[in-house]
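Produce the entire structure from the sequences given, and follow the hints as far as they go.
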Amino acid sequence: MHIDKDLVAASSTPLVLAILTEGESYGYAILKRVRELSDGEIEWTDGMLYPLLHRLQRLGYVTTEWRTPDAGRRRKYYAITDAGREALEEHQRQWLTVARALGDLWNGRGGLMSALGEA
Amino acid sequence: MTIATVESQIAEWRRYVSAAPAVDGRDVDELEDHLRHQILELGEAGLSEEEAFLVAVKRLGDIDALSREFAREHSSRLWKQLVLRGEPTDAPGDHRWVMPIGLAVASAVAIQMGLRIGGFPNEPSAWIVRNLAFFVLPFLAAYFAVGRRLEIRGLLVTAAPFVGSAILVNLYPIETSSAIDVLVALHLPVLLWFGVAYPYTGGRLGSQDGRMDFVRFTGEWFIYFVLIALGGGVLMALTGLILEPIDPDLGELVIEWMLPSGAAGAVIVAAWLVESKQQVVENMAPVLTMIFSPLFAVMLTVAAVTYAVTGVAGDFDRELLGLFDLLLVVVLGLVLYALSARESGRQPGVMDGIQLVAVLAALVLDGLVLGAMLARIADLGFTPNRVAALGLNIVLLVNLAATAWMLLRSIRKRVPPNRLVRWQTAYLPVFALWAAAVVIVLPPVFGFS
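As given, the protein sequences belong to chains A and B, one line each in that order. Using the numbering used here, the letters of the first sequence correspond one by one to residues 29 to 147. Using the numbering used here, the letters of the second sequence correspond one by one to residues 683 to 1131.
It should be emphasised that the hints constitute simulated quantities derived from the structure, not laboratory data. As the structure is a computational prediction, the values presented were derived from the model and not from experiment. One should not assume that every hint holds.
Computed from the model, here is a short list of chain B residues facing chain A with C-beta under 10 Å [as the list claims (entries may be wrong)]: (1) R708; (2) D709; (3) L713; (4) L717; (5) H719; (6) Q720; (7) G743; (8) H756; (9) S1092; (10) V1097; (11) N1100.
Quick look at which bits of chain A chain B covers, simulated, 3 or more residues with Cβ under 8 Å [stated by the list, open to error]: (12) 32-38; (13) 66-79; (14) 98-112.
Ideal Cβ positions, reconstructed from N, Cα and C, are used throughout, including at glycine.
Structure representation (structure tokens):
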């Protein structure tokens, strides 16, 4: 299945923020998690994650720190902030509204949500 | 395929990515880390190193597209692309210097004619002192208006503040060498400098990035101007000394001619240098900030403590409020320099703490003096000088108080550092309005004298 690139772009911010709520992480691990979560259906151009992360940082949604893990290369870690959590909640509300509306149209009232629940 | 060749391939790739204008060294570090991770993992999955490298690079995406994406996020780095790409400044047959140099010469000639007509140097009449800025800054505005290819409407908007203030300042029956006269002469260049902001930003006055670019430009222009002024000073001193044996007055005469024209020309040339050789000063602003922020922080703290302990503030001559205005301007300048030079994503560090100390000390100092001043002004009444000094003081005080608050909050990670940028850029029009108020409103209020 190919997911439209606009949809990928729109979902990237909440996806990254939500992954960071699981704990601080770095670029490569975030991408891996995205693939894992979507069974490889959501394919990002790897590099594009970084401008996105920098944007989130500028907006104050994430903080960063360069650290050198034991026996490893220097790496930039990202952690979500309170502002980021708030933004994520807002995203959540918006996505749920959209999903609910689509579900109502396609499967009758509450349809998509229950379909999602069964899946 | 050996490790060595993969390493050299990565090095090659690094060089290529580093060449993209909006991607800086640390971004490349981050991308390289990603690349290596991917190569390692693909290797574990059974790919040869060469295959792994190719797949990893491909997954990272097209470098041009990536660079564009970085540029969109880091628009403050984008000028490198705008200014440097496709502009080999040293290429033969490049006539880009013609316009700025032409305008610099035009400004130098204009100011010379203005001064001669105004009776300089024997009996400089008042109108020329007041009007000096009109012989320089319109040329600067023209340089940007043409360089940014403004439409007719943009050109009219650019011209409006210059024409408007020129008419007003010269129609006002301002008494020569009165306090009002001096105030107008001091505030008019500031007002007109904001007039340059419109063509500089190409009409993007509303955007935060546009305003920040103009702040950055102002700081870098100032550095270049001071450098040129230093060189010019040496040149004039030597010229004077060399010509002295011929005729003792000759040296002085040359300086009388050279100084105004040189200064006027330097305004344009400095702007041109900022535009074309930006990467040179780009490294200077952070260094200057780094050197002077701690020094000012120490000086201001010592002064504030001394004032508070000895209570000397009350004895200050009320006219010295102007001195404290200058102090606040310098502190604000440091803050703006640091702000314009900072990487957009960088987290607050020690320097922000030092700045906070400097700003707080300046606020305390100014608060002490201002209190004493206000009491005296209440007794003695308002004069134009006091109103101007007091007004500017309040305008600066409000700005710095909010700056201190935001610095504190961003150091404690309550707000992103970007909040301070937004505050400063949003506050810029207040300075322009204050300068306009002094030039336009103050003269009639105080009966032009």
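Going through the hints against the structure:
1. R708: Because about 8 Å separates B:R708 from the closest Cβ in chain A, which is inside the 10 Å limit, the hint holds.
2. D709: This interface hint holds because 7 Å falls under the 10 Å limit.
3. L713: holds (6 Å)
4. L717: It holds, given that the least Cβ distance between B:L717 and chain A is near 9 Å, below 10 Å.
5. H719: Check passed: Cβ of B:H719 comes within 4 Å of chain A, closer than 10 Å.
6. Q720: holds (7 Å)
7. G743: holds (4 Å)
8. H756: holds (7 Å)
9. S1092: Since the shortest Cβ distance to chain A is 9 Å, the answer is holds.
10. V1097: holds (7 Å)
11. N1100: Result: holds, 6 Å to nearest chain A Cβ.
12. 32-38: Not satisfied, violated; 0 residues make the cut.
13. 66-79: Our answer is that it holds, as 6 residues pass the Cβ test (under 8 Å) against chain B, meeting three.
14. 98-112: holds (count 6)
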